[in-house]
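Engineer: Spelled out, the chains give:
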Amino acid sequence: MIILKQKPFEELLRELEGETNVFLAGCADCATTCKVGGEEEIDALEKKLTEHGKTVTGKHIFDTACLAGSVRDGVKQHKEAIEAADSILVMACGTGVQSIGDQLEDKQVHPGAESLFVGEVARLGKYAEKCTLCNDCVLELTDGICPVTRCSKGLVNGPCGGYSEEGKCEVDPDKDCAWVLIYKRLQKRGHLHKMKEIRPPHGYSSHHHPRSYQWEKRRPPKKEPAAP
Amino acid sequence: MADYEVKLPSLGDDSDAPSEATVSFFYVEVGERIEKEAPLAEMVTDKASFDVPCPVTGTVKRLAAQEEEVVEVGGLLAVVETDES
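Residue numbers (our numbering), protein chains in the order written: chain A, 1 to 228; chain B, 1001 to 1085.
Note that these hints are calculated values from the structure, not bench results. In this text the structure is predicted, and so the values were computed from the model without any measurement. Take the hints with a grain of salt, since some may be wrong.
Interface residues of chain A toward chain B, partial, derived using beta-carbon atoms under 8 Å [unchecked claim]: (1) D63; (2) L67; (3) A68; (4) G69; (5) S70; (6) R72; (7) D73; (8) K76; (9) K217; (10) R219; (11) P220.
Note that beta-carbon positions come from the ideal geometry of N, C-alpha and C, so glycine has one too.
Construct the complete structure from the given sequences, taking the supplied hints into account.
Structural biologist: The structure is reproduced here in structure tokens:
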């Protein structure tokens, strides 16, 4: 899940400076789970913006704001309200903002949230980064704890030596040392031999942006021309 | 012989059913024979892929969309010259 937090309201007002009419866009996926761009938040935002002299021409919670088709459908449904707006305030992740903006070349799109990281929802309001989408997964070797993400130094061959006796990180003593967690898990499962495996330096070459990925099409093989 | 227009069929009755799909690829080329119910094109939406079958037997006269082109429901995909008169 993309973990998000809403920008301060004052910042949203700055983004909307000089504009009166605004269309509000939310997302029924991550932004709703993170209480940033669901129905409740969009309604509250509408009320607050109205109190500050703005006119909300319409609002829509996109099923998933990062699905281009879903966005096109939503934009079609709300064509008039969008046209009547000076801009769209998008309460979704950066991908959602751009996905909506790309469909509306002539309309200013404002980001209403900060996209923090891809993370686990421990419970409502408590989120933890578990994966950096590095495309060089080491979880098999660590029995499911990612040192690239959860070690402050991103070390892949054991701890740095700076962890405390309580197993806390020297960079951030509030956090567990990822390698202590990994060691304990491997020990518990009888997999300590994995600690002896030397991992090559972590590959970041696939981190060049923008990343993209496309399935190979299941195109059937060309038919042989019929014999004369 | 008659020309038959193959269009993108409805993608569902639900209000949230997609109103469009993207052409992944065509199974046939212009000039190629195609049988009734044989797949004409693979289409993809945000979450699914599916084949559009050809409703008639005939020869593909024109492909009306490009690969990766977004086609609206009811939009033209191809013209097939049927064997029927």
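Engineer: Hint by hint, say whether it matches the structure.
Structural biologist: Against the structure, the hints come out as follows:
Residue-level restraint check for A:D63 holds (minimum Cβ-Cβ distance to chain B is 7 Å; threshold 8 Å). Taking 8 Å as the C-beta contact cut-off toward chain B, the hint placing A:L67 at the interface holds, the least distance being around 4 Å. With a least beta-carbon distance of about 7 Å to chain B, the hint placing A:A68 at the interface is held under the 8 Å criterion. Using the Cβ-Cβ criterion of 8 Å, the hint placing A:G69 at the interface with chain B is satisfied: the shortest such distance is roughly 4 Å.
Because the smallest distance between the Cβ of A:S70 and any Cβ of chain B comes to about 6 Å, under 8 Å, the interface hint for this residue holds. At its closest, the beta carbon of A:R72 sits 7 Å from a beta carbon of chain B; the interface hint therefore holds under the 8 Å criterion. Interface hint at A:D73: satisfied, since its Cβ lies 5 Å from the closest Cβ of chain B, which is below the 8 Å cut-off. With 8 Å as the threshold, the beta carbon of A:K76 comes within range of chain B, its nearest partner Cβ sitting at about 7 Å, so the hint holds.
The beta carbon of A:K217 comes within 5 Å of a beta carbon in chain B, closer than 8 Å, and the hint placing it at the interface holds. At a threshold of 8 Å, the smallest CB-CB gap from A:R219 to chain B is about 5 Å, leaving the interface hint in force. With its C-beta approaching chain B no nearer than about 6 Å, A:P220 sits inside the 8 Å limit, and its interface hint holds.
Comparing the model with each numbered hint stated earlier shows that all of them hold.
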